[in-house]
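At position 30 of the sequence shown the residue is numbered 30 (the numbering used here), and the sequence of numbers has no breaks.
Honestly, the hints are just simulated from the structure, not real lab data. Predicted model, so just to flag it, every value in this text is computed and none were measured. Some clues are possibly wrong.
Stated by the list, open to error - Pairs of lysine-lysine, DSSO-like flavour, derived with a Cα cap of 30 Å:
(1) Lys22 x Lys48
(2) Lys48 x Lys24
(3) Lys48 x Lys67
(4) Lys48 x Lys29
(5) Lys68 x Lys48
(6) Lys40 x Lys24
(7) Lys68 x Lys22
(8) Lys67 x Lys29
(9) Lys40 x Lys68
(10) Lys67 x Lys24
(11) Lys29 x Lys68
(12) Lys24 x Lys68
(13) Lys22 x Lys67
(14) Lys29 x Lys40
(15) Lys22 x Lys40
(16) Lys67 x Lys40
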Amino acid sequence: MMFSMPEVPQTETPLGDLLPPKVKIVLGKGGIHTVEELHKAYPHELLKIRGIGMYRFRQIEAVFFPKKAFEPPRVRSPLRHVRGSSLNGTLSPATVQTLARGGITTVDQLKAAEPAELLKIERLGVGMLREIESAFFPGQNYEVPRGRRSAPKLPDL
1 MMFSMPEVPQ
11 TETPLGDLLP
21 PKVKIVLGKG
31 GIHTVEELHK
41 AYPHELLKIR
51 GIGMYRFRQI
61 EAVFFPKKAF
71 EPPRVRSPLR
81 HVRGSSLNGT
91 LSPATVQTLA
101 RGGITTVDQL
111 KAAEPAELLK
121 IERLGVGMLR
131 EIESAFFPGQ
141 NYEVPRGRRS
151 APKLPDL
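Sequences and hints are given; from them, build the entire structure.
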């Protein structure tokens with residue numbers, strides 16, 4: 001006569017006291033109450049849970065995934081462009097915006113401007129002038145008077 005073992009239902013393992021209480025609360029609000037659910041959600045679904053930042057994510061990882069170190073891809077913020085400017089992408093966004101405030105949005109306008117005129121533009125200093133020189137006038141270096149961030153303003157005639 002053969003005896004068969006009764007089938008034991010597979011029970012899920014609760015998270016227990018391995019994590020700080022606040023992390024457990026955040027996980028619970030995100031619908032994760034067991035170790036199996038945690039493993040199933042790692043890493044992308046965990047990071048989508050509201051309240052799970054990288055600090056709490058690393059706490060979870062240290063306890064349940066000690067040999068793993070997930071690094072999410074960096075998302076670069078979009079560069080601010082000046083609409084209608086052909087200088088976008090050639091110069092830094094700050095320099096393009098400063099030049100646009102001064103009425104310069106094209107390469108031709110920029111090349112026609114004298115360095116002293118450029119330095120009259122509000123917030124355009126020597127650093128931006130050097131960036132413009134290296135991008136459009138390689139080997140040229142306008143001599144800025146000592147002790148001045150910008151060229152002196154010319155008197156109106």
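Results of checking the hints against the structure:
1. Lys22 x Lys48: 17 Å, holds
2. Lys48 x Lys24: The hint holds at about 15 Å.
3. Lys48 x Lys67: 22 Å, holds
4. Lys48 x Lys29: Holds, at about 12 Å.
5. Lys68 x Lys48: Holds: Lys68 and Lys48 sit about 18 Å apart, inside 30 Å.
6. Lys40 x Lys24: 16 Å, holds
7. Lys68 x Lys22: 22 Å, holds
8. Lys67 x Lys29: 26 Å, holds
9. Lys40 x Lys68: Roughly 15 Å separates the two Cα atoms, so the pair holds.
10. Lys67 x Lys24: This hinted pair holds, its Cα atoms lying about 21 Å apart.
11. Lys29 x Lys68: 24 Å, holds
12. Lys24 x Lys68: 20 Å, holds
13. Lys22 x Lys67: Holds: Lys22 and Lys67 sit about 23 Å apart, inside 30 Å.
14. Lys29 x Lys40: 16 Å, holds
15. Lys22 x Lys40: Judged against 30 Å, a Cα distance of about 21 Å means the pair holds.
16. Lys67 x Lys40: This hinted pair holds, its Cα atoms lying about 17 Å apart.
Checked against the numbered hints listed earlier, the structure breaks none of them; every hint is satisfied.
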